[in-house]
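Enquirer: Here is what each chain is made of, one letter per residue.
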Amino acid sequence: MTTHARPRAIAGGLLDRPMIWLLALFGIAEAVISYRFLAGIGSVSNMNDGYTWGIWEPVNVVVFTGIGAGAYSVGLLCYLLNRGKYHPLIRPAVLLAAIAYSLGGASIVVALGRPWNMYLLALPPLWNLSSVLLEVAVCVVAYVCVLWIELLPAVFDDAAGSASRVRSAWGKRWGGRLAKAMPYVIALAMLLPTMHQSSLGGLMIVAGPKLHPLWHTTLLPLLALVSCMSMGLGAVVVLTAVMKHTWSARHDNELLADMSKVNGLLLLLFVALRLGDIAFQGKLHLLAVPDFYLMVFVLELALFLFPAFLFLTRRVQQNRARVLGALLTVVGCSLWRIDAFLTCYNAGESWSYWPSLGEIAVTVGMAAFGVAVFIAVSKIFPVVEVGDPAAIRAGHEADLRSLRTRPATPPGTSNPSRPRSPR
Amino acid sequence: MLVSRRLLLQGAAVAGASTVLPGKAQARGKVEPLEEAVGMLYDSTHCVGCGGCVAACKEANGLPWDEPTDLSNTTRSIVKTRRLAVPLRNGEASAFVKRQCMHCVDPSCVSVCMLGALHKEGQGKRDMGGERKGTGIVLYDEDLCLGCRYCQIACAFAIPRFEWREAFPHIVKCELCRKRADPTREGALGVANPACCQVCPAGALVYGRRVDLLAEARRRMAAEPARYNGKIFGEKDGGGTQALYLAAAGVTFKELGFPDLPDGSYANASESASHAPYLNGVAPIALYAVAAYLVRRNKKAQEGAERPEEPRK
Ligand code: SF4
Ligand code: SF4
Ligand code: SF4
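Same order as they appear, the protein sequences are chains A and B. Under this note's numbering, the first sequence has 321 at position 321, and the numbering climbs by one with no breaks. Under this note's numbering, the second sequence has 203 at position 203, and the numbering climbs by one with no breaks.
Some hints here could point you the wrong way.
[Unchecked claim] Think about it this way: if two alpha-carbon atoms lie no more than 25 angstroms apart in a straight line, the pair counts; the simulated BS3-like pairs of lysine-lysine are:
#1 B/Lys299 / A/Lys261
#2 A/Lys180 / B/Lys299
#3 B/Lys236 / B/Lys133
#4 B/Lys80 / A/Lys85
#5 A/Lys85 / A/Lys261
#6 B/Lys300 / A/Lys172
#7 B/Lys58 / B/Lys80
#8 B/Lys80 / B/Lys254
No lab work stands behind these hints: they were computed from the structure.
Turn these sequences into a full structure, and let the hints guide you.
Expert: Quick look at the structure:
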């Protein structure tokens with residue numbers, strides 16, 4: 001599959017109808033957030049002293065960053081394990097990660113009760129190094145910076161290819177400089193998620209008796225790390241499928257099949273670790289108690305095992321099963337994360353919780369904004385590869401060529417093999 | 001391509017390098033109670049449920065009287081009536097229990113607090129003024145609090161409360177009335193002076209040094225062995241607490257609303273599991289070095305092979 005494909009900016013206007021919808025959703029979230037800063041978190045949410053993180057932390061931070069882990073897992077494959085063929089997936093994955101992590105960070109600011117004290121986090125002498133959350137916070141902030149730096153080559157490439165000679169020279173010069181530093185940046189991009197994704201899982205160890213024993217284990221950091229890899233690979237497959245449909249982006253079946261096989265093994269590894277741990281800790285008897293928790297547990301297992309089956313079975317290697325599997329992987333890993341932080345967490349008898357409309361509006365609005373930014377950046381900068389033959393036929397060049405060759409086409413003959421237009 | 005064994009091995013090595021190590025690294029160790037630690041002893045068998053301590057606490061902390069039924073952002077102390085599964089011999093079908101911060105020996109809330117807003121007196125990142133080391137009182141410093149509410153997740157006793165309806169909210173919890181201390185006095189009253197203990201008319205609530213309170217609890221149990229259930233809650237539970245509890249024979253602390261805690265603290269368990277893999281910072285640095293080397297090598301090779309036409313230097 002050698003190819004001369006290069007990432008390029010997606011054609012099309014920025015402010016189309018979907019974009020307006022996405023921004024409208026974000027607008028609602030913004031309104032809720034503004035009100036929250038005036039009247040307190042309790043005024044827009046159902047969070048209480050028992051369910052103090054509501055859905056903002058478990059979903060906006062823990063799930064969003066899990067989805068963003070695609071940059072980490074694809075990066076591991078591509079750079080550390082030297083599978084260069086994954087290279088085309090890197091830029092979209094990094095963009096997805098940069099957005100997801102930035103939104104996670106922004107959500108923390110919204111969720112913090114006293115965010116004006118946040119500047120103190122820049123003062124290491126004040127750090128309580130025992131705090132797992134401190135480590136997550138510092139590490140995530142650093143990683144967000146790393147991710148946006150990882151995207152800079154797209155900006156320089158764009159400049160380098162520009163018609164203006166000054167801009168092009170600027171892009172080439174800085175692009176070259178950055179290229180030299182890049183391995184060290186990428187190495188950071190491999191290290192930081194290893195640290196904070198495992199620490200994210202580690203956050204709930206201290207909750208001890210408040211977390212259901214089927215979820216509470218000292219293995220939480222390792223489970224969170226493995227699940228973020230799965231989730232990230234799944235998210236990248238889903239993203240690729242969506243981009244193929246909407247933008248006719250490059251879509252290498254064989255590559256995605258290989259990646260999904262890796263993911264299948266990761267999913268099995270997760271299940272093996274989890275079940276092994278439960279058995280090792282003598283908690284197997286809990287699996288004989290037919291209650292709500294067992295139901296959730298079985299649902300989670302199914303959402304890990306079924307995609308693994310899809311990924312690893314030769315016969316269901318077609319694209320559709322793979323995308324379904326990837327989607328289920330993301331759902332399954334998200335579910336496990338939400339369960340460990342919220343569903344199967346119980347601070348005591350006196351509390352109950354269901355997210356308020358305001359909380360949901362913020363979560364949905366943040367996600368919508370993320371999608372909007374992804375579209376906008378992909379349309380301005382060369383991030384997505386639309387280089388395989390089918391896409392080229394479908395893309396601009398095809399239009400040009402068909403214009404040029406129109407006289408040769410017998411009048412009245414439409415071209416039935418012409419793929420859908422790229423928008 | 002089938003996933004090769006090498007790929008798997010490499011993957012396992014890279015992914016696991018920093019997290020599989022916890023087995024090798026040691027735990028941070030148990031925290032022992034401070035010698036001069038102060039706390040309170042609550043004897044449920046003597047409590048008459050008058051709620052005087054609750055009112056005194058409100059007054060001492062300048063909080064409004066709002067007929068509290070549980071701890072809240074305006075209530076740092078509460079007396080609850082707990083229904084018992086089996087009535088006691090004297091026919092009592094319920095028991096009282098006073099709840100407030102336990103001033104844990106190795107508190108989860110302190111372990112998790114990012115900048116040490118919650119900290120043991122004199123052992124934090126910053127002196128709030130007149131802090132004395134050694135009392136073990138868990139204090140709250142609003143100027144270092146980000147309002148992350150991790151303390152609420154962490155506290156096994158579900159003690160810290162948050163001001164949900166405030167634009168500038170605080171964490172609210174008992175600070176053992178440190179501010180009511182009389183510095184001219186010797187001993188425990190020189191470091192704190194809980195209003196709740198001061199007003200108790202029934203001898204159910206006593207303030208003092210933890211060692212003295214433990215001795216008092218043992219004395220009471222020895223004098224009337226049939227009266228008590230034989231356990232001092234807080235002596236070891238969850239790594240130990242500075243608020244200690246006695247309960248009537250036939251009553252379990254679980255019935256009184258306490259969690260079932262192992263003798264070790266969750267702060268220790270969590271910190272060890274989360275930090276041990278770092279091997280005091282060696283692991284991340286080593287990992288980074290290996291990653292940088294591999295990335296540099298692989299990236300160069302990939303760019304050379306895949307994009308010969310690319311004008312990259
Ligand atoms: S009872 Fe809770 S709030 Fe009080 S010291 Fe212990 S962990 Fe902290
Ligand atoms: S809410 Fe404040 S006191 Fe509680 S853990 Fe966060 S920073 Fe510390
Ligand atoms: S020590 Fe003070 S703040 Fe704590 S419960 Fe007693 S009166 Fe309230």
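Enquirer: So, for every hint listed, does it hold in this structure?
Expert: Okay, the hints, checked on the actual structure:
no.: 1; hint: B/Lys299 / A/Lys261; verdict: holds, 23 angstroms
no.: 2; hint: A/Lys180 / B/Lys299; verdict: holds, 11 angstroms
no.: 3; hint: B/Lys236 / B/Lys133; verdict: holds, 22 angstroms
no.: 4; hint: B/Lys80 / A/Lys85; verdict: violated, 65 angstroms
no.: 5; hint: A/Lys85 / A/Lys261; verdict: holds, 15 angstroms
no.: 6; hint: B/Lys300 / A/Lys172; verdict: holds, 18 angstroms
no.: 7; hint: B/Lys58 / B/Lys80; verdict: holds, 16 angstroms
no.: 8; hint: B/Lys80 / B/Lys254; verdict: holds, 14 angstroms
Comparing the model with each numbered hint stated earlier shows that hint 4 is the single one that does not hold.
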